[in-house]
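There are 4 protein chains.
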Amino acid sequence: MVEFRVDRSGGLPAYLQLVQQVREALRLGWLAPGDRLPTVREVVAASGVNPNTVLKAYRELELVGLVEARQGSGTYVKATLGTASPELMVELRAQLEKWVHGARQAGLEDEDIHALLGAVLAGDMKGKES
Amino acid sequence: MVEFRVDRSGGLPAYLQLVQQVREALRLGWLAPGDRLPTVREVVAASGVNPNTVLKAYRELELVGLVEARQGSGTYVKATLGTASPELMVELRAQLEKWVHGARQAGLEDEDIHALLGAVLAGDMKGKES
Amino acid sequence: MVEFRVDRSGGLPAYLQLVQQVREALRLGWLAPGDRLPTVREVVAASGVNPNTVLKAYRELELVGLVEARQGSGTYVKATLGTASPELMVELRAQLEKWVHGARQAGLEDEDIHALLGAVLAGDMKGKES
Amino acid sequence: MVEFRVDRSGGLPAYLQLVQQVREALRLGWLAPGDRLPTVREVVAASGVNPNTVLKAYRELELVGLVEARQGSGTYVKATLGTASPELMVELRAQLEKWVHGARQAGLEDEDIHALLGAVLAGDMKGKES
DNA sequence: GTGGTCTAGACCACC
DNA sequence: GTGGTCTAGACCACT
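Chains as they are written, first to last, in the working numbering: chain A, 1 to 130; chain B, 1001 to 1130; chain C, 2001 to 2130; chain D, 3001 to 3130.
Some clues are possibly wrong.
Claimed, not checked - Now the in silico label distances, taken between C-beta atoms and shown as ranges:
id, chain 1, residue 1, chain 2, residue 2, range
1, A, Asp110, B, Arg1104, 34 to 44 Å
2, C, Ala2079, D, Glu3091, 32 to 42 Å
3, C, Val2044, B, Gly1010, 25 to 35 Å
4, D, Gln3095, B, Asn1050, 29 to 39 Å
As the list claims (entries may be wrong) - Here are the simulated DSS-like pairs of lysine-lysine, each with C-alpha atoms no more than 27 Å apart in a straight line:
id, chain 1, residue 1, chain 2, residue 2
5, C, Lys2078, C, Lys2098
6, C, Lys2098, A, Lys56
7, A, Lys98, B, Lys1098
FYI, nobody ran anything at the bench for these hints, they're computed from the structure.
All figures in this text were calculated on a predicted structure; none of them were measured in a lab.
A virtual CB, placed ideally from N, CA and C, is assigned to each residue, including glycine.
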């Protein structure tokens, strides 16, 4: 079961956080086709957002074809986004955890780590010996 | 010189993107105290946002004490956010680049990689044995 | 300029009527890429629905990639659905108008006509000599 | 025998689809006074909707006086909606089929065709030379 | 003044 | 009890 966490301090719309967390869960394999998402009411109880906010997120996911709402029954995963095999993910994750451990030892905060990954993914060359 | 990129499709407010990019640049050492930020006009020309949006971002950075506006001269970096030594950053970055290379080889897209890092930083245990 | 008409008696959700009318206008060539849709407030004034209903319709169109919302400026057509050349449409329309004229002469109401077209498009064979 | 098709993707309530399909069948002469509608069970088996949904549709048709439920026997057509003679319908249908054939040759999709008919019936003048 | 987000609360369709 | 629609109204981001 996915568990939503909504952070209202970052300026990122609540419904978008829900959408992204579902996408993330799909990518990581925590959610697979056929799984049922938490009901609107469960999300409301757990995260404190308004029911309509959850509905908007679920509807957006439905329009994109990732989930399917069955009236009176719930909302179900219809497709997935995962691109790599689970074994590979486990291996990559283990390596990344080791790296994160080292980075934290070096005093980096999570925000630093995110920034660094962003820079690497973007291929920015600053900071590299030309 | 920092170069701003504004993506209006993600729902994240434009002025917040600017703020975050300055913070990221500070964390990565691309910006250091004394550096001048691009002028409002330059940002407008480069990213197409409205001047007021840039002003709002710079004002927000000033309120937090990270930059300082000098009338008629521009906006200058006043403090930094970097937490680790440059040498360490270079080393960590090199390691991370190697890992990213492997992850991409394995077929992961950038969104997968971000999701994975998010999971690791959050300490989620799903997918890990025990 | 498109002009929306919302009929609240048919059970068809208001926001869906708006969506369909935009799609219809795109198919008929009344709307083309670059055109601006009426503002939310104009639609509200003209059709009496709630602003959020219009926003929902516009957002749905945006998610499908047909329109694009520019903050502070309006909502603009981004793609089209038209499949046939305008000349052909004019010709086909003229023929259809003649047929509709005949059908109405014969006493058919609009609902009859719609039913007949539905049957023909579905390829139902009842009523045809085997 | 009428055969119901229920499409749960269009937002149109299931029971309304059933009602409309009965009305359409009456208009096209597929159903005539005295005919028996499929039993609730048959509809459920064929279309997968909930029995209560079918009952609601039949109840609505009964309220309008179009059908009549006979306990233990089934639901029977009591009145009709057809407005034109069967011969005329056959003729008009043949003409329409020819036109639809031409329209499809021209590359129009069903949605285009519906849009065009809607425009013609509404008497919209756009696209016509005055 | 433009669209975007969110809340609160009512009512409907369906299981 | 499930999701779906709509309203009313407030506040925000942006031009």
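Quick check: which numbered hints come out false for this structure?
Numbers 1, 4, 5, 6, in rising order.
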